[in-house]
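Residue numbers (our numbering), protein chains in the order written: chain S, 34 to 176; chain A, 34 to 176; chain C, 34 to 176; chain B, 34 to 176; chain U, 34 to 176; chain H, 34 to 176.
These are computed hints drawn from the structure, not numbers from a lab. The reader is advised that the hints may include incorrect statements.
The list cannot tell twin chains apart, which means a pair is met if one copy fits it or any two copies do.
What the hints assert, rightly or not - Taking lysine-lysine and the DSBU-like style, the derived pairs with C-alpha atoms no more than 30 Å apart in a straight line are:
1. Lys60 with Lys85
2. Lys99 with Lys150
3. Lys99 with Lys158
4. Lys173 with Lys60
5. Lys71 with Lys85
6. Lys99 with Lys60
7. Lys71 with Lys150
8. Lys99 with Lys85
9. Lys173 with Lys71
10. Lys126 with Lys71
11. Lys126 with Lys158
12. Lys99 with Lys67
On a predicted model such as this, the values are computed, not experimentally measured, just so you know.
Number of protein chains: 6
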Amino acid sequence: METVYITRRETFNAAHKLYRPDWSEEKNEEVFGKCSNKNWHGHNFVIYVTVKGVPNEDTGFVMNLKDLSALLNESVIEELDHKNLNLDVPFMKDVMASTENLVILIWKRIEGSIREKGGELAKIKLVETENNYVEYYGGKEPF
Amino acid sequence: METVYITRRETFNAAHKLYRPDWSEEKNEEVFGKCSNKNWHGHNFVIYVTVKGVPNEDTGFVMNLKDLSALLNESVIEELDHKNLNLDVPFMKDVMASTENLVILIWKRIEGSIREKGGELAKIKLVETENNYVEYYGGKEPF
Amino acid sequence: METVYITRRETFNAAHKLYRPDWSEEKNEEVFGKCSNKNWHGHNFVIYVTVKGVPNEDTGFVMNLKDLSALLNESVIEELDHKNLNLDVPFMKDVMASTENLVILIWKRIEGSIREKGGELAKIKLVETENNYVEYYGGKEPF
Amino acid sequence: METVYITRRETFNAAHKLYRPDWSEEKNEEVFGKCSNKNWHGHNFVIYVTVKGVPNEDTGFVMNLKDLSALLNESVIEELDHKNLNLDVPFMKDVMASTENLVILIWKRIEGSIREKGGELAKIKLVETENNYVEYYGGKEPF
Amino acid sequence: METVYITRRETFNAAHKLYRPDWSEEKNEEVFGKCSNKNWHGHNFVIYVTVKGVPNEDTGFVMNLKDLSALLNESVIEELDHKNLNLDVPFMKDVMASTENLVILIWKRIEGSIREKGGELAKIKLVETENNYVEYYGGKEPF
Amino acid sequence: METVYITRRETFNAAHKLYRPDWSEEKNEEVFGKCSNKNWHGHNFVIYVTVKGVPNEDTGFVMNLKDLSALLNESVIEELDHKNLNLDVPFMKDVMASTENLVILIWKRIEGSIREKGGELAKIKLVETENNYVEYYGGKEPF
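Work the whole structure out from these sequences, hints included.
Now the structure itself:
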């Protein structure tokens, strides 16, 4: 009866570029600026995964953070850490490697596994630099 | 007519453990891992208390932050800072000392006093480590 | 169909005071405390501007962050950085220079320009010190 | 025989400007840029005071941090917090209100009192913004 | 010929108290304040270990950070994380559990192993709270 | 007569890998681990550049931070931001792209220009992730 939101933070370091081969150099540069550098650039990404639920009476936990962390490491961090988001990540194939697209696809990867563990995925925040981040609520619009 | 949310941050350092005496050592270890260490461990907790309201015409304040800080120090920080959450805190008696339970019980302690000061408690965020925190909206589910 | 929230962070350093000339010294001191110091004080403000939308198919962007940053620098940072909020900022004229009022007036300044660029302003968070900040959702109350 | 360095962090919020009345507007603008704004600007300053010494056998302390904090609050924070560095601070009279000058003058104010408490002031770090800070070792040049 | 300093950061969460059984309650309270709470309190400690050396020609490394991290986890984090510094840590036996003493004893534990790996321990910084930390250079006094 | 150290912070986001083509896959993997991923990874680097000197009597400045920042942007950030450290940076040609080597080469690039502006380069700190950074004093060994 008392819904609480718990959040786990993980990190990964990856390379990417924002570049459309079907566009001219000029258009890529105009739209994506420095992010279109052909030889890639990279970031220390920080991801915050929020799960909602009612604390379990025995444990006081919405979900065991050890389980949540293990699940995230297996499904997300292993796939993205020290990788190239455009070349090395099967679930990003044929998708612009923007932070917006990445956050949506991470949601799809983990939503089910979190439900199996008894939690409900509520939000993912993905920080690309100290000056920009994205947040995704599974398509919901809380505000 | 213009609801704004203001947040005050306070800190406290406390010991706790996650351990059920009605469970075997093995089960405690399995569920709570290192957090079940009998001799306690501890954290630098950070609490963010959010109050909503319409700014007062004379002061431009939703609520005077001096009052909010004083209230939090008296009702929360005094009770928890440099304490053992399992042993020293009357309102945590007979409750698993999880961050989830703690945030719910802090809400109950301060909700009324904030209302008396003319504010409306909207959210509490309680940070346990750089890798995990909980958020509570008084049972509401904004997302 | 997949609404994502993107946030851009900018900073500005400004002086202000909280002081009503129609009140006695004593009342100013009682209500505003140290913030009423006649000769001003100041802060390193941090502003987080959140825009919601569906990522564009070609770019993967809710809104180009270069455009958002340029717009914020022109409409907000230029007006506030290294300024006195009480004396130098036309849109703060005759308004108490509280963080609450400031966040509402910043919203009004940028909401339209962001819409023209195809985005929808969803939230502004304005951090005054490490211990207090305000959040504004355009008057909406998500929780 | 085992010298350890301990550091205490305190904060203060102040207004200042960098401006020479004996210079033209143009020269002030050219040298000090936005920092010369006549109506002031301000910062959330953070100060780190480092004291060196051998831990006391009974307490394990180089110096009691409660004493160090009390001393800093009385001699530094009371003088600077919510003040105007150019107008309100006697020990900054007739001195350019640069962070460099401020750190030297803070050193002079507290060096003696720390020695009386049995400590030896070793370093002061004064942070003005997230992008710049100064450090002072009492004139020593460790590197 | 080109000495560079590399630093690895690790974290541990522990309980402790500052309390001398050979002193009266009053004296413990007077000297150690809230830190003398009998039932313990705790912190999220952060440790920064700095090793100096000339980068290896083949690897560009002063020391392999994987090795340094493994060594720190085995010798320090395993011993301290989710532990009680007064009760659970053999190398802190009969020592006041102050941060100063802890940093000296950590140095003694790891100095030799780092040398065996080809590095030279140069500094340890141990952060107890956001407001205080200690630094130790093996007894050296660089300033 | 009163030497003060001033520090400017800048950031850049870059891709790199640690990989020796003259070594086998196995040896690269063994020594460099995940950092040897052929398709690159990346980081949000943060650089802190420290200049020492006596504050100027007229300005109170060791060195004008506007000049220091402009110099760093021109000589360092322009060269490294949104670049591939192995492929795009002439001064890193034929050098292992370790943080140690990078900090030494940045020093060589800016030491002279800072001297021309009347400052003396004293230290560079280069942060690669929240868990590791390097520091370089031009070969000096202050501790």
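Here's how the hints hold up against the structure:
1. Lys60 with Lys85: between (42 Å within a copy, 25 Å between copies)
2. Lys99 with Lys150: Only inside one copy: Lys99 and Lys150 sit 11 Å apart there, 32 Å across copies, limit 30 Å.
3. Lys99 with Lys158: The answer is both: 19 Å in one copy and 20 Å across copies each meet 30 Å.
4. Lys173 with Lys60: neither (33 Å within a copy, 38 Å between copies)
5. Lys71 with Lys85: between (41 Å within a copy, 29 Å between copies)
6. Lys99 with Lys60: For Lys99 and Lys60, the Cα distance is within 30 Å only across copies (15 Å; inside one copy 46 Å).
7. Lys71 with Lys150: between (41 Å within a copy, 27 Å between copies)
8. Lys99 with Lys85: within (16 Å within a copy, 32 Å between copies)
9. Lys173 with Lys71: neither (35 Å within a copy, 38 Å between copies)
10. Lys126 with Lys71: Intra 17 Å, inter 18 Å, cutoff 30 Å: intra and inter.
11. Lys126 with Lys158: within (22 Å within a copy, 35 Å between copies)
12. Lys99 with Lys67: The answer is between: 10 Å across copies meets 30 Å, while 39 Å in one copy does not.
Hints 4, 9, counting from the list given before, are not met by this structure.
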